Amino acid sequence: MSVIETNATVAAESLFRRNMAAFMENRLAFGSAIVVVLFVFMAIFAPWIAPNDPYNTNLFFRLQPPVWMDGGEWAYPLGADALGRCILSRIIYGARVSIFIGAAVILVATTVGILAGLAAGYLRGWVDVVISRLVDILLGFPYLIFAIGLMAMMGPGLGNIILALAYKEWVIPCRVVRGETLVTRELEYVEAARALGASSKHIMLREILPNILSPVIVVATIRMAHVIILEASLSFLGLGVQPPTASWGAMVADGRAFILESWWVSTFPGVAILLLVLAINVASQGLRDAFDPRFTE
Amino acid sequence: MKDPILLDVRGLRTVFDTRAGRVCAVDGVDVIVQRGECLGIVGESGSGKSVTFASVMGLVRPPGRVEAGEIIFDGVNLRQLPPRQMQALRGRDIAMTMQDALTALNPTLTIGEQLAEMLAAHADDLPRSRSDRRRVIRARSVDMLTLVGIPSAGDRLGQYPHEFSGGMRQRIMIAIALASKPRLLIADEPTTALDVTIQAQVLELISNLRAEFGMSVVLITHDLGVVAEHCDRVMVMYAGQVVEEGPTERVISDPRHPYTRGLLASVLRPGLRGQPIRPIRGQVPELIDLLPQCRFMDRCPEADEDCRHLIDMRPVGPGRRARCIRTALPTTEKAKA
Amino acid sequence: MTTDPLLKVTNLTKTYTGSPSMVARLLGRKPVHVRAVSDVSFSVGRGEILGLIGESGCGKSTLGRAILRLHEPSSGRVEFGDADVTALSPPEMKAMRRRMQIIFQDPYASLNPRRTVGDIVGLPLQLHGLENGREDMREKVAMMLDKVGLKAGQIDRYPHQFSGGQRQRIGIARALISNPEFIVCDEPVSALDVSIQAQIIQLLLELKREFQLTYLFISHDISVIGYLSDRVAVMYLGEIVEMGPVESVLATPRHPYTQSLMSAVPEVDGTGKGQRVRLKGDLPSPLDPPSGCKFHTRCPLAIDICRQRKPVTETVGKGHSAACHRLAERLSLLEGAAQ
Ligand SMILES: Nc1ncnc2c1ncn2[C@@H]1O[C@H](COP(=O)(O)OP(=O)(O)O)[C@@H](O)[C@H]1O
Ligand SMILES: Nc1ncnc2c1ncn2[C@@H]1O[C@H](COP(=O)(O)OP(=O)(O)O)[C@@H](O)[C@H]1O
Ligand code: SF4
Ligand SMILES: [Mg+2]
Ligand SMILES: [Mg+2]
Chain A
32 MSVIETNATV AAESLFRRNM AAFMENRLAF GSAIVVVLFV FMAIFAPWIA PNDPYNTNLF
92 FRLQPPVWMD GGEWAYPLGA DALGRCILSR IIYGARVSIF IGAAVILVAT TVGILAGLAA
152 GYLRGWVDVV ISRLVDILLG FPYLIFAIGL MAMMGPGLGN IILALAYKEW VIPCRVVRGE
212 TLVTRELEYV EAARALGASS KHIMLREILP NILSPVIVVA TIRMAHVIIL EASLSFLGLG
272 VQPPTASWGA MVADGRAFIL ESWWVSTFPG VAILLLVLAI NVASQGLRDA FDPRFTE
Chain B
653 MKDPILLDVR GLRTVFDTRA GRVCAVDGVD VIVQRGECLG IVGESGSGKS VTFASVMGLV
713 RPPGRVEAGE IIFDGVNLRQ LPPRQMQALR GRDIAMTMQD ALTALNPTLT IGEQLAEMLA
773 AHADDLPRSR SDRRRVIRAR SVDMLTLVGI PSAGDRLGQY PHEFSGGMRQ RIMIAIALAS
833 KPRLLIADEP TTALDVTIQA QVLELISNLR AEFGMSVVLI THDLGVVAEH CDRVMVMYAG
893 QVVEEGPTER VISDPRHPYT RGLLASVLRP GLRGQPIRPI RGQVPELIDL LPQCRFMDRC
953 PEADEDCRHL IDMRPVGPGR RARCIRTALP TTEKAKA
Chain C
3 MTTDPLLKVT NLTKTYTGSP SMVARLLGRK PVHVRAVSDV SFSVGRGEIL GLIGESGCGK
63 STLGRAILRL HEPSSGRVEF GDADVTALSP PEMKAMRRRM QIIFQDPYAS LNPRRTVGDI
123 VGLPLQLHGL ENGREDMREK VAMMLDKVGL KAGQIDRYPH QFSGGQRQRI GIARALISNP
183 EFIVCDEPVS ALDVSIQAQI IQLLLELKRE FQLTYLFISH DISVIGYLSD RVAVMYLGEI
243 VEMGPVESVL ATPRHPYTQS LMSAVPEVDG TGKGQRVRLK GDLPSPLDPP SGCKFHTRCP
303 LAIDICRQRK PVTETVGKGH SAACHRLAER LSLLEGAAQ
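Residue numbers (this note's numbering), protein chains in the order written: chain A, 32 to 328; chain B, 653 to 989; chain C, 3 to 341.
These aren't lab readings, by the way, just hints derived from the structure by calculation. Hints are supplied without guarantee of correctness; some may be wrong.
List time: in silico SDA-like cross-link candidates among lysine to any residue, alpha-carbon distance up to 20 Å [stated by the list, open to error]:
#1 B:Lys833 / B:Asp777
#2 C:Lys149 / B:Arg930
#3 C:Lys282 / B:Thr798
#4 A:Lys232 / C:Lys282
#5 C:Lys96 / A:Arg237
#6 A:Lys199 / C:Lys282
#7 C:Lys282 / B:Ser804
#8 A:Lys199 / C:Met95
#9 A:Lys199 / A:Arg237
#10 A:Lys199 / C:Leu129
#11 C:Lys282 / B:Gly818
#12 C:Lys282 / B:Ser859
#13 C:Lys282 / B:Asn860
#14 C:Lys282 / B:Asp777
#15 C:Lys282 / B:Thr762
#16 A:Lys199 / C:Pro92
#17 C:Lys282 / B:Ser817
#18 C:Lys282 / B:Ile802
These numbers come from a predicted model, not from an experiment.
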């Protein structure tokens, strides 16, 4: 054969590894990611970590203060609520609800959004018109009011919350995916696949999708924080997860009546929401900076 | 009498510290530009052409830095010049047009604003009063654009770079570079992105302006045809070094370095139809951790063990030098031997 | 030369319709039409290389893609062997794609950055059921890589680990592995250094001989076209203005555009310095093409009739044709100038 080009390649560092390295160098984002992982860990291993049974009511300990205050004791480190249930244990179990609903909504919404966005961006034509109009219409509704309306119609329940939030959430990844697809479909490697006889399905899922996944993942993490807040809001309004299941939003609502004398009942679940949402946001900022070159200067 | 040498660069060394290691992009390069001449710089991409002249202009930014060498422009050592004076000199006395005209022009300013900025910064003979100044600058801007062949220049001053075609942008960049009538114009691949008919226009423009203003031109290109037609002397670069230099006609008719020969053999011509081509094998090496040997060795058809040491430029004729141990005989005689 | 036409293109036209934005449409703006390829006819014989030359934006890529129906032609016919490509149903077209392939200009954009060389080059085998399982596919890909001058050991690497020239070899391997008969080479060497250009052209010529291929070779470089094509077609603003055997067109170019194109090329041996036909200005916008002969805005020979009437294509030599109002006077004009 003709000539073989010697001295073949540049350093074989993969794109993903380089991005991950950049992410790790961002201390704050990396620390936040660890906080998020700790929360997930807490949710998974709740039965082993929680000091008490979160459903065990004991009126003897009603509104008991946290351990460092007068009348507190180690058995109830963050105190107890109006029914005498251990607040720390309920927060640990509540992480399950928040994280499960957050993850489930994002998973459903991202999957639907990716498929709809790919179809709209790659197939164009009437598919694009229908999907884009639907997106515009859904974007017109205020999110929380839309979810409240749906919950009121469908009634409470874990599955219904996930549906109510996902109904609108998919619009966000859909728009990102559509935009990226519009750009990527014009690239020559996509044209090459068509020239080879590849089907639209192959091109959308195998050629385009892997190349637009980074911004989608970044958006999904950012939105996860948002969904957790929405779930807490629904639970706070009594439309979310039903008692006695521990949910941070419902716990904050429960404590409202005693907020002056027994502030800890509302405050600690509130802090849990704040901490998790903040950690997710900071970590996703870091992800965005590391993975999406358009945001880096 | 004035010194006939306008630019004298000696032992220039520019390095980039990267993750993968130290990239020695320019390694011991000497350049001489005479007053009024056109010097051509050729070589494959990655051979250090742009970095050499970015170093001359003081435009190398971290992670890169000029590590060694002297850059004497008209008797002044540019490396010892304070940044402010260097800034003033850049644009006024030496101007450089970049390879990529779209990214080199500011997309947020109109062509008129960019020209005016250049004129205002470097012309000393502008009137005092604001409105007179504006009028004179505008008139000169229109003149410059007309000179580089932009039709209805007055109307187009208000347009942004993306509203022009590639050839027009390249010519606008030349207009901006020439606004201050520099003594040296460095044109970095001014025509690589252009079609031949437009390329011919741009090169003719540069030639005419050179005759008109008596300036020197450094023409960086990878097209040997362009060099043959427009340059008095040529410098061939490979892997961060100069490997051959001399008067254009002599170098092209009788190349002494195997790399120059390889480049010439790679140029296709309709006249060569049906004949096999013998291009240079392989590709430009990464400029990291280079061995102390001839850098062209892996790709050279004439290499042997003698090439395995550092080789200096050596004279190979009047005004000619080459970096090869086998330069004693001209190619034609070697073929006979 | 052309005994047995493999590809026959008749009156092919491709119009792009840019749909205006919603706002523009509400304001009553009409969609814009770009006639990128206009009524083009030619044929390519089996085993032949037809060079297609013209400035960027003149419609070369559009023509190549319309032939392969990557962009649906607006009108006209494309016949390949016995088949009418423009009339094929989607499954028939898919089968046809195995026989007609394309090599792209941009060695960076034409390879999916997230797939390995093995996946990229093996894709045609998968799509057309030409492999028996994964091992067989890898074996075939490895053999193809060897043919294009890459190493079989590089099969699991990603595109960014290769240089521009090597990537172009990967693109060539992908186009050839399904054993096609015809390849559109869309400026495959324009983005490469001269030395690498020569390597790739040498490779394409070797492969053509080995696999008995037919090429439509697109380039804006007349030296490249002159070196490797058998026949050449010169394109200007979507139309073929001159076509013929390469010796004849390059030795006696009859259209003023071909002439100016040739005289604009700087020659290493300085031969280009002689007579020059210099063009003024840029390529006109295809949105609003000039009337009559589309070249009249830049043509040094234009007269009144050129602005009004479109010239017809005339035969000017054996297999050599051109479209210009002043063909009859032309040779004498140039000779007059030379004396
Ligand atoms: N910012 C940079 N960082 C690291 N290496 C660089 C940088 N700029 C240029 N180089 C290296 O310097 C070498 C010469 O580049 P350049 O002067 O642009 O080549 P040319 O202009 O001849 O094509 C190349 O090998 C390139 O890798
Ligand atoms: N997808 C497209 N949509 C609209 N216009 C296009 C498209 N592709 C090309 N064009 C236009 O068609 C003309 C011809 O383009 P092209 O075939 O790419 O030219 P070439 O390959 O000769 O450079 C150009 O004016 C270009 O702007
Ligand atoms: S027809 Fe007229 S304008 Fe067109 S190329 Fe011939 S002479 Fe020139
Ligand atoms: Mg350069
Ligand atoms: Mg093209």
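Hint check results:
1. B:Lys833 / B:Asp777: holds (13 Å)
2. C:Lys149 / B:Arg930: holds (18 Å)
3. C:Lys282 / B:Thr798: The given pair, whose Cα atoms are some 14 Å apart, holds under the 20 Å limit.
4. A:Lys232 / C:Lys282: violated (48 Å)
5. C:Lys96 / A:Arg237: Roughly 18 Å separates the two Cα atoms, so the pair holds.
6. A:Lys199 / C:Lys282: Roughly 58 Å separates the two Cα atoms, so the pair is violated.
7. C:Lys282 / B:Ser804: holds (14 Å)
8. A:Lys199 / C:Met95: Answer violated: Lys199 (chain A) to Met95 (chain C) is near 40 Å, above 20 Å.
9. A:Lys199 / A:Arg237: violated (27 Å)
10. A:Lys199 / C:Leu129: The hint is violated at about 37 Å.
11. C:Lys282 / B:Gly818: holds (15 Å)
12. C:Lys282 / B:Ser859: holds (17 Å)
13. C:Lys282 / B:Asn860: holds (16 Å)
14. C:Lys282 / B:Asp777: violated (34 Å)
15. C:Lys282 / B:Thr762: violated (25 Å)
16. A:Lys199 / C:Pro92: violated (36 Å)
17. C:Lys282 / B:Ser817: holds (14 Å)
18. C:Lys282 / B:Ile802: OK: Lys282 (chain C) and Ile802 (chain B) at ~11 Å, within 20 Å.
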